[in-house]
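Colleague: Sequence:
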Amino acid sequence: MRRYRLPALLFLLLAALPSLYSQTAQTPSQFLGFEVGADRKLADYRQISSYLKSLAASSGRVQIETLGKTTLGENMIMAVISTEENLRKKAKYQEIARKLADPRGLSPQQIDALAGEGKAIFLLTCNIHATEIGSSQMAMEWAYKLATTSDPETLRRLGNVIVLLVPSLNPDGQIMVTEWYRKYLGTKYEGGAMPYLYHHYVGHDNNRDWYMLTQIETRNVNHAVYHEWFPQFWLDEHQMGYYGPRIYIPPNADPVAKLVNPLVHRGNNLIGASMGWRLEEAGKSGVIYNYSFDAYWPGGTRNTGWWKNMFGVLTEVASARIATPMDISPTELQGNAKGLIQYEQQINFPNPWPGGTWRLRDIMDYELIVSDASLETMSKYRFEFLRGEASMAGQAVRSADAATFWRIPTDDQRDPVTAARLAALMLEHGVEVRTSADRRSYLIATAQPYGRFADEMLGIQRYPEVRPAPNSGILEPYDVAAWSLPLMMGVKAERVKLPAEEQRNSTVINAANWPGGGLSGKAAFYSIADHQNNVFALVNTMQKAGGQVFFQRGSGDAPAVIFGAHAQLASNTEKLHLHLDSLPALPAGATPLKPARIGLYKPYIASIDEGWTRFVLDQYGFNVRNIENKEMRAGNLNNAFDVIILADSSKEVIVDGRAGRDGFTEEFPPEFTGGIGKEGVHALREFVEKGGTLITLAHASEVLIGDDFALPVRNAVAATSAGEARRAVSTSDFNVPGSLLRVYVDSTHPVGYGMPAEVAAFVDAPLAFQTSAPPPDTQRSVIAWYPDDARDVLLSGYAHGAEKLTRKAAVVGFTRGKGRIVMFGFRVQHRAQTEGTFQMLFNAIEWGEME
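Numbering of the sequence shown is given in the numbering used here, commencing with residue 1 and proceeding in unit increments.
Rather than coming from a laboratory, the hints here were simulated on the basis of the structure. The reader is advised that the hints may include incorrect statements.
As the list claims (entries may be wrong) - Pairs of lysine-lysine residues, derived as DSS-like cross-links and limited to a Cα-Cα distance of at most 25 angstroms, are as follows: (1) K594 x K380; (2) K544 x K678; (3) K522 x K544; (4) K145 x K89; (5) K41 x K258; (6) K630 x K183; (7) K380 x K284; (8) K41 x K53; (9) K92 x K380; (10) K575 x K594; (11) K90 x K69.
What the hints assert, rightly or not - Pair ranges (Cβ atoms, derived): (12) G473 x T24: 38 to 44 angstroms; (13) K575 x Q26: 44 to 50 angstroms; (14) E228 x D707: 54 to 60 angstroms; (15) N510 x S329: 56 to 62 angstroms; (16) G817 x M326: 51 to 57 angstroms; (17) N336 x Q395: 49 to 55 angstroms; (18) V508 x P584: 43 to 49 angstroms; (19) R439 x Q395: 30 to 36 angstroms; (20) V508 x L259: 20 to 26 angstroms; (21) Q395 x G68: 53 to 59 angstroms; (22) E494 x E228: 44 to 50 angstroms; (23) P712 x Q395: 54 to 60 angstroms; (24) R439 x Q568: 39 to 45 angstroms; (25) Q342 x P712: 44 to 50 angstroms.
The structure displayed is predicted, hence computed values, not measured ones. Idealized CB from N, CA, C, for every residue including glycine.
The whole structure should be built from the sequences, with the hints applied where relevant.
Modeller: The structure is reproduced here in structure tokens:
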């Protein structure tokens, strides 16, 4: 009998561990000193992070990994949750996941063996949009449950699954929202919106960054997903509006992307069915599917993973006013969205919520159920999900032509640095990139596990015309209709058949081969042609270092920028991958470039485009600061600024501080109300006349259309009847829902310097310019324009009514008094993605110094 005593003792000890964990680990409410999920109570990110770290210290089922720093310096953490045994062997399971994500060289038997041995890896991300705060609170409760439970079924699931729990994809914003909410508790502003973005740069668009990877938070998670953990399933929990269904789960709505493996949707729908079952079983009404959120766009968190053979699900729960409950009348419930026109029972919405009180606790309860249901499904079908990932990766290789590659030349590019950046971006995504034997091309095989992702990102989009009924309009895209990276970035890339010998001689690379930077010899001056974005970064860097910078127009379409010798010039050219030619002396006609003082208008109805503009200008080192209403209205703007930029916002937001002509604008505290008003508009006109440069982006251009500026320009894609001069046409007549359109550029104009004759403009608004003869005090220039033939307008995406753009201006410039105006009819810096048109914005900033 003695030989059984030790195993029996171990068994008793192991069986007691869950109860020991529950005795030593505090609940979130105990740790924080208030009831988590209670009305008007919120934990901020620092409290959440501290709690999860304390949970890891008291439970062997939880480990904390730091993904990196956020924009504002917070530690971005992820809790890894599973059984102690699985966590001890996590490196082994990460390696199995990596092999299944790229199963080239494995036999079917080896794949099955790995799928049998491996653990399902389930990534759950919370709170990417900071006001959608419920999941950040839920994360603590769910982590506690998994860390301390003694329930045999939950323990069995954890034996099959490793959970990666990110409590907030936007820690900075979560802290902002929590602090704002606490500040106004007990006032009429309780639960209201903030008058600034809830991410330092990009606000709500942090979930539009997942193929471009511009933000540090996106890159942190991307690296963990596609270079370290390779999860099979990604659940991203969001919130939506107040007055519709209570929760959205899969299946998605139409349309469907052709390059996504159908097994992705089958797996997502399986998980969605489990969610729906468990929600209904728990008595949770208001569950909807086939609603609003399509299966076409690749820009969000888990969406991008679909093209990389990953199962990924979005859930959206109805919101409260942050942590303040809402009483919602049945008469206020509405559909008005794809998949639910009227708020009533239908097959995808079998149990409508009847109305009543909706609170933070409800949000968290729904999210806890779908999190548990996902864990249940991943455990039950562990083998199928692991093998399914490998199967899709294998199909991506086998279904592609082994000789078909994307070629990105390194030496035949207008901007070689941006071409290298595209290659680096593909590597960051986990795509296999090669270099040719002569190192003159990057080569990306379509026959690789992420080949479909490469095809999607590098190819041309044609948005499908899916009509729910005859003679109806098309189903609109959830976000945009085009994302072709070569077009947006201004990089040459072509799909080619590669000879077998060239394939054999190519080399897989781990990092991009950046162009060599430096100076050619020792000289007093150095020059470079002005057709690379990084030239502007060098200009700004050297100006801040006290260096001399000059501009020389020359005879070509790419003027020269000249730098005086400086101790920091060589190192900066190397960092920016720019090669400068030596000059024996400063050429005649070279004009000194002074650093421009840039004011970027910041409305109180927060403008995401303002944030993106600020981000781009910061990335390239421009001297920019925000202007708010009070300073704008006060006038005398030339004392502080050389350039003022109005980013893309409506005229109503900029001038009046309200959302739209008929839109409801939530009340802000008095110090955050209003717009620039008539005084601000007049101050802008005075600013131009006294020598300033005014730049407007997209809708902001409408501030200048009308009597206040009296410019000879109007919106050509708008109604023209009396009193409706600015009202855009209906989508039945004109519809460009975020597409890339062909635009021709006058490279002899300062705003067009260094630009190619043709560029891809990102357009998502019915806005183009019709100019006319100017008055004597004004000169006008058409800087960029659309083709004469409507068939030549669309490059990628969708364009209905393109004939309304033909022979219309896309960018116009004016000189008046001593100053200049540039009106862009599209966002040249759209989401920091359209690098191919950045230079037009940079040129507009420098226009005053170029003359």
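Colleague: Each hint needs a verdict: does it hold in this structure or not?
Modeller: Consistency of the hints with the structure:
1. K594 x K380: Distance of about 65 angstroms is beyond 25 angstroms: violated.
2. K544 x K678: violated, 36 angstroms
3. K522 x K544: holds, 22 angstroms
4. K145 x K89: Measuring from Cα to Cα gives roughly 22 angstroms; hence the hint holds.
5. K41 x K258: violated, 45 angstroms
6. K630 x K183: Satisfied, since the Cα-Cα distance of roughly 23 angstroms is no more than 25 angstroms.
7. K380 x K284: holds, 23 angstroms
8. K41 x K53: holds, 21 angstroms
9. K92 x K380: Roughly 21 angstroms separates the two Cα atoms, so the pair holds.
10. K575 x K594: holds, 22 angstroms
11. K90 x K69: Given pair K90, K69 holds - Cα atoms ~23 angstroms apart, limit 25 angstroms.
12. G473 x T24: 38 to 44 angstroms: violated, 60 angstroms
13. K575 x Q26: 44 to 50 angstroms: holds, 48 angstroms
14. E228 x D707: 54 to 60 angstroms: This hint holds: roughly 59 angstroms between Cβ atoms.
15. N510 x S329: 56 to 62 angstroms: Taking Cβ atoms as reference, N510 and S329 lie about 59 angstroms apart, which means the hint holds.
16. G817 x M326: 51 to 57 angstroms: holds, 52 angstroms
17. N336 x Q395: 49 to 55 angstroms: violated, 39 angstroms
18. V508 x P584: 43 to 49 angstroms: holds, 44 angstroms
19. R439 x Q395: 30 to 36 angstroms: holds, 32 angstroms
20. V508 x L259: 20 to 26 angstroms: holds, 23 angstroms
21. Q395 x G68: 53 to 59 angstroms: Given about 33 angstroms between the Cβ atoms, the range is violated.
22. E494 x E228: 44 to 50 angstroms: violated, 33 angstroms
23. P712 x Q395: 54 to 60 angstroms: holds, 58 angstroms
24. R439 x Q568: 39 to 45 angstroms: violated, 29 angstroms
25. Q342 x P712: 44 to 50 angstroms: Taking Cβ atoms as reference, Q342 and P712 lie about 47 angstroms apart, which means the hint holds.
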